[in-house]
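**Q** Chain residues, written in single-letter form:
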Amino acid sequence: MQKDVPKLLIEWTDKLMSTFSENNAFGIAIFSELGHLLYVNSAMNKLCSNFDSTCLINPTFEKLVVAESYDSLLFSGFLTIGKMNTVNTSIEAKVYRDEDKILIAGGIDVSDLIEHNKTMHLLNQKVTNLQRQLMQEKAELESTMKKLKETQQMLIHSEKMNALGHMIAGVAHEINNPIAFVTNNLYQLENNATDFFDAYKELELEIEKNATQELKDFVGKIRDKNELNYLTKDISDIINESKSGVARVKKIVEDLRKFSRLDESEIKRIDLAENTLSTLTIVKAELGKKDIQFKFNAPDKLFIDCYPGQLNQAILNVLVNAIQAVKNKGQISLSIKEKEKSVCIIVEDNGCGMSQENKAKIFDPFFTTKPVGSGTGLGLSITYKIIHDLHKGQIEVESVIDMGTVIKFIIPKETSK
Amino acid sequence: MNTTLKTYDTNEFQNYLLEGNYEKCSEYVNKILKEDADIKFIYDEILKKSLYSIGEMWEASKITVATEHLASAIVETILNEVYFKVITQSKVDKRVVVTCTENEFHQIGIKMVSDIFQMNGWQVHFLGANTSTDELAQMIKKVNPDILAISLSIPFNLPTLEKTLDKIKSDFPDLFVLVGGQAFLHGGGEVLRKYKKLFYKPDLNELDNFLKLN
Chain A
1 MQKDVPKLLI EWTDKLMSTF SENNAFGIAI FSELGHLLYV NSAMNKLCSN
51 FDSTCLINPT FEKLVVAESY DSLLFSGFLT IGKMNTVNTS IEAKVYRDED
101 KILIAGGIDV SDLIEHNKTM HLLNQKVTNL QRQLMQEKAE LESTMKKLKE
151 TQQMLIHSEK MNALGHMIAG VAHEINNPIA FVTNNLYQLE NNATDFFDAY
201 KELELEIEKN ATQELKDFVG KIRDKNELNY LTKDISDIIN ESKSGVARVK
251 KIVEDLRKFS RLDESEIKRI DLAENTLSTL TIVKAELGKK DIQFKFNAPD
301 KLFIDCYPGQ LNQAILNVLV NAIQAVKNKG QISLSIKEKE KSVCIIVEDN
351 GCGMSQENKA KIFDPFFTTK PVGSGTGLGL SITYKIIHDL HKGQIEVESV
401 IDMGTVIKFI IPKETSK
Chain B
1 MNTTLKTYDT NEFQNYLLEG NYEKCSEYVN KILKEDADIK FIYDEILKKS
51 LYSIGEMWEA SKITVATEHL ASAIVETILN EVYFKVITQS KVDKRVVVTC
101 TENEFHQIGI KMVSDIFQMN GWQVHFLGAN TSTDELAQMI KKVNPDILAI
151 SLSIPFNLPT LEKTLDKIKS DFPDLFVLVG GQAFLHGGGE VLRKYKKLFY
201 KPDLNELDNF LKLN
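Quick mapping for you: the protein sequence lines, in order, are chains A and B. For the first sequence, my numbering assigns the number 1 to the initial residue and increments by one for each residue that follows. For the second sequence, my numbering assigns the number 1 to the initial residue and increments by one for each residue that follows.
No lab work stands behind these hints, which were simulated from the structure alone.
As a list, the in silico DMTMM-like pairs of lysine to aspartate or glutamate whose alpha-carbon atoms are at most 25 Å apart: (1) B:K142 to A:E137; (2) A:K126 to B:E68; (3) B:K34 to A:E357; (4) B:K85 to A:E357; (5) A:K46 to B:E68; (6) A:K138 to B:D93; (7) B:K94 to A:E137; (8) B:K62 to A:E115; (9) A:K216 to A:D195; (10) B:K40 to A:E140; (11) B:K85 to A:D364; (12) A:K295 to A:E398; (13) A:K126 to B:E19; (14) A:K118 to B:E102; (15) A:K147 to B:D93; (16) A:K118 to B:E19; (17) B:K62 to A:D109; (18) A:K268 to A:D300; (19) B:K40 to B:D208; (20) A:K126 to B:E81; (21) A:K138 to B:E81; (22) A:K126 to B:D44; (23) A:K392 to B:D93; (24) B:K62 to A:E22; (25) B:K85 to A:E137; (26) B:K91 to A:E140; (27) A:K118 to B:E68; (28) A:K243 to A:E254; (29) B:K91 to A:E137; (30) A:K361 to B:D36; (31) B:K94 to A:E142; (32) B:K142 to A:E140; (33) B:K212 to A:E140; (34) A:K146 to B:E81.
Next up, chain B with everything else stripped away, as it sits in the complex (with noise of 0.2 Å):
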């Protein structure tokens, strides 16, 4: 992999995002897998980078949430595009429920995160967006997964991650829970410290090295 050499310019990426052009920003992600880029760089480097940024433009009022929408669009289907990149037929007897909390409507980071832990043969139960407690109580209870995976987007949403989280240990204290997501680039850390079995990863790249160290 030579990814960590090369340096892209996002910028450019991101501007097709902004303008809503799928094929620009197909052609884009595609001209990098064939220079031999992992789905980790593009996901971390390309993707986040980009709709973190397109985020904060939205907080700066600068773009319409319509906007953001269709960034969003985009890159779900760019995820799908190079999906077939993800699928694995190595398997390990290991089981993740990925999923967002109630009212997070934000699935990008933890479909990245769900590709990640697919990668590394594991069996991934993906809950997605806007996942009720109780929905999730009964996926885990259902599933006996060795790890649960929850991304946060928007800091808005803590106090519902606690609720969540209140609840899941309560009901599965020796459940691991792994977070991260954009919400935590700005603290929410103390929320988090309160857990036992839990950890923040800030990245897929940790994520990575924690499953493949596990």
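Bound-form chain A, shown alone (with noise of 0.2 Å):
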């Protein structure tokens, strides 16, 4: 069968010698001794623009004419065709003589480019895999990073707050004791001041029935000089508005040690309108400067389990930003309601109001829409936290503008650890 390829190739001489002439990839070349070019097909005019005997550069067509033929085979091996500036490419070539005329015929062995392209493109298809791991997972850490920054910052907000809490508490604490003493001196004050005045009307009496003329003037005398009437008077109503200042003092005291609650950083069962009303007392002043119409309504003893403090701070930020949103004279409400296994306390404000695409970002950290310095965005961010992470509730924002703004967490009765 082998030895029949031969005479089997001529029967298509026609055909083989066409397809060869425009083929790209094998060669053929017919020089005459002398080196002139006499055929040259389209591959080696690729291989080598403007195809002349300069082009073989290894081994030269000089070389080549001057070599011993066996069979009429001058050259058979690998043949570097190209010029000296560019880049050579080397062809698997038999290079014959017959009588005065050199064929030069060969190709490129494609077998190792076919399988170098196929492993090319698996690699390549490993690469790109591998690169968009890479790019998911710089996703990914860039997102670990962001939380990261926002946790510590949280962090670092949350320990000012305690900070703060352990300051109030001290203070609280400090004042709590001279307090005491000036609520005590006050009532013995008073005491005092009830027998001298006592005393003092005895002795009006008794010289108003027994003394001379001449003494009553002189007394009379003293007492208009020195408004006796009107000191007794006031020095009765001096002592009265002391206690109620004291007493007003002792609340304070009372509310910011418990808004402060450091000692409850556990669940604890409370009273929420009373814990509400120690936060309330923080916010009075800003109230009263914009002279806020402000209204609170809440059922009595409505217990709830709760961590109180944290509770505080979500309910102050909140309320802090409706104080900031209204008008002078505007209005606000706390208002507390109870269902069968939450309670849902309501800040509304008649307030600017806010966008829709803020309200989207109220509860994203670092987000504020007040100058630049005034608020650190974090405030609605750490409520958000107190609610849903740790109370496991529900925060609902409506708001429009110019209009008001109305939140309302709902937190469970009894919350789980």
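Each chain sits in its own coordinate frame; assemble them with the hints.
**A** Written out as structure tokens, the structure reads:
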């Protein structure tokens, strides 16, 4: 069978020649012995443009023509074709001599290239897969870094709040002692004053009844000169006002202590209305500054399990925002409603409201619409964490620009640890 | 999105692919992205159409396999270039294993499928080209996915897909399987009909709608 191949090929010589002449992979060139190019096919011209005898780089044409021939074969092996200043190509070639003509025929062994192409293709797939994996991991790292930064900032904020809580608790404790003796002294002063006034009244009666006119005139002069009638009334008023003032200071100190609730970092059963009132003490001055009409509505003796200090913080954050949102003489209400298994704390204001775009971002850390330096943008994100994460509750927000905002905390009556 | 209103000359992109001109291809896709086209549109209408057409040119012997490989390599690079648009931070608690069958080396389709899942927040386990059935079964056992997605480009590989499905359906009868790819353009439905909980998704849009509804 193998022996018949050449004979078979000869039968197809015309077709083969026509195919080879147009083929880009198998090069054919025929030179005269003197180096004149007699024929070249397109493949050779592709390997070296303007193909001529100088395109044979190794072995050179000059070497080939003087080579010894065996059965007309001058050379068999890798023939490098090209120009000295360009990229060269080696083809697997045979060079024959037929009288004064030299035939060069050969092609590139592409089996390696095909194999390499396949391997490169598979490698490229792997590289692109790995690149995607890296991109994804990079995105995850960036996201983790962002969360880490947020957590770090929240921790710093939380530390600050904790420090503030300690300070409030410390101040409350320090004020308690002097207030106690001032209160005691006031009571003592009141008793003494009462005794004094009683004795004075007795004395006046005695003078009125038994004294000479001269003594009566003398006493009358001293009474008028020192305004004793007025002083008697004023001392009582002063003592009463001081008692009321001290009682107020005591109430504020008690509220501050309740608000900080540093000893209550665990879940505790509390009276929600009472707990919330301590928060109102903190914002009372701000409400007064803007002459805000404030309403508080809550059922008595509504007990829930919660983290009292944290819940106060969440309510305070929302109240502070409401105060900032309303104009002078604006309205804010804080109401608490009881549901079957939950409670609803609602803060409503008739302030500037917010756009839908801003509404979607208010719980994002560092989002703030306040001027630079006046808000950290962490208040509501902390509130969210306290209500959502800590108390397993929900926050609902409704807002209309120039109409106002309603923020609702819905928290279960019993918070599990 | 104005992608449904505007039409693009995909021949232009296809010609750049055939020339092996990565820069022009990248420029073309980025220009469309800037015009607010979404990833699905770019995948389905530009990249997929061009590659299907190039595949047909190869079948018609008008181009070499090397040209087809080069076009694929460029498209894979472009997929990575736009991948930043795919990565999303919102996650759903669902997992998918995406894969090609054994002897199927065309992984661009399944990469696009993988991206649609990822854009919908799914956790994607990408196995890619030429995945053996055993390797696939091991991954399913390990990951316990909600869906297995298989892409088939060459109709010649249909019997391999059938073998893979026989094994997977026997080991994991309740697993939802989605299949798609160029191989099904000219048939293959009879193979798919014999399996339960198996759905054919002809394009990325249908896949996306399916994921959004389920």
